[in-house]
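**Q** What follows is each chain in one-letter form.
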Amino acid sequence: GAGVSQSPSNKVTEKGKDVELRCDPISGHTALYWYRQRLGQGLEFLIYFQGNSAPDKSGLPSDRFSAERTGESVSTLTIQRTQQEDSAVYLCASSRGDHAYEQYFGPGTRLTVT
Amino acid sequence: AQSVTQLGSHVSVSEGALVLLRCNYSSSVPPYLFWYVQYPNQGLQLLLKYTSAATLVKGINGFEAEFKKSETSFHLTKPSAHMSDAAEYFCAVMKTSYDKVIFGPGTSLSVIP
Chain A
1 GAGVSQSPSN
11 KVTEKGKDVE
21 LRCDPISGHT
31 ALYWYRQRLG
41 QGLEFLIYFQ
51 GNSAPDKSGL
61 PSDRFSAERT
71 GESVSTLTIQ
81 RTQQEDSAVY
91 LCASSRGDHA
101 YEQYFGPGTR
111 LTVT
Chain B
1001 AQSVTQLGSH
1011 VSVSEGALVL
1021 LRCNYSSSVP
1031 PYLFWYVQYP
1041 NQGLQLLLKY
1051 TSAATLVKGI
1061 NGFEAEFKKS
1071 ETSFHLTKPS
1081 AHMSDAAEYF
1091 CAVMKTSYDK
1101 VIFGPGTSLS
1111 VIP
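Keeping their order, the protein sequence lines are chains A and B. Counting along the first sequence from 1, when you hit position 74 you're at 74 in our numbering, and nothing is skipped either side. Counting along the second sequence from 1, when you hit position 9 you're at 1009 in our numbering, and nothing is skipped either side.
In case anyone wonders, no lab produced these hints; they're calculated from the structure. Honestly, I wouldn't trust all of these hints.
Computed cross-link-like contacts, PhoX-like style, restricted to lysine-lysine with a CA-CA straight-line distance of at most 25 Å [said to hold, decoys possible]:
1) B:Lys-1100 to A:Lys-57
2) B:Lys-1049 to B:Lys-1095
3) A:Lys-57 to B:Lys-1069
4) B:Lys-1058 to B:Lys-1095
5) B:Lys-1069 to B:Lys-1058
6) A:Lys-17 to A:Lys-57
Please read these numbers as outputs of a predicted model, since none were measured by experiment.
So that you can see chain A by itself, here it is in the shape it has in the complex (with noise of 0.2 Å):
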């Protein structure tokens, strides 16, 4: 694909569900990213994939929280026993490896929780 895609482009859930979340980068990039945006708020960075180095989880906000990667490709961010405060637009980007810093981002999942 031309871009980066995530699904669902909205997903509801009930409070103590999980939900997955998938991202699908650009064919060839190596580093993809994780970040969750709250209604009128910034970016904040989840977690950070780059090639076969381990990730940086540094912006987990909790072990509900986790992701995982394939190779170089697809992403999962699963959240377990959701809470309200979980309520965002999740957003994932990816770049080349040299070029860490030209983020592509996808047009995120908008997860609600009730």
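Following the hints, position chain B against chain A.
**A** For chain B alone, coordinates are given in the frame of chain A:
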């Protein structure tokens, strides 16, 4: 730890007036600096970037930013605001090209006709 501050969560300018959005960073080393723009109901896109070359960086849509190490600033400017410039603007910093990007809180720009 790196951080980015943006003075003014909301800025209003008249159409045709100068746009100035402020960004200050804290970093232990000369960083990479960026401005991203998020138009209403759209994704983020890169506006411009500083990567230790020229200190005055020109971006898309007539925007430019100047890296001032002595002031640890990277303010975004545009000589004449257009209605289509209304958007959310995010300043971001990166220590190396293989590091994570840290975003500022954003500044919402409104353009008054």
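**Q** Hinted pair, alpha-carbon criterion (25 Å max): Lys-1069 of chain B, Lys-1058 of chain B. Please report holds or violated.
**A** Answer holds: Lys-1069 of chain B to Lys-1058 of chain B is near 18 Å, not above 25 Å.
**Q** Check whether the Cα positions of Lys-57 of chain A and Lys-1069 of chain B lie no farther apart than 25 Å.
**A** Violated: Lys-57 of chain A and Lys-1069 of chain B sit about 30 Å apart, past 25 Å.
**Q** Need the status of pair Lys-1100 of chain B, Lys-57 of chain A: alpha-carbon distance at most 25 Å?
**A** Holds, because 10 Å separates the two Cα atoms, which is no more than 25 Å.
**Q** Keeping to a limit of 25 Å between CA atoms, is the pair of Lys-17 of chain A and Lys-57 of chain A held or broken?
**A** holds (22 Å)
**Q** Holds or violated: are the alpha carbons of Lys-1058 of chain B and Lys-1095 of chain B at most 25 Å from each other?
**A** holds (21 Å)
**Q** Take the C-alpha atoms of Lys-1049 of chain B and Lys-1095 of chain B, compute the straight-line distance between them, and say whether it is at most 25 Å.
**A** Status holds; Cα separation ~13 Å.
Checked against the numbered hints listed earlier, the structure breaks hint 3 alone; every other hint is satisfied.
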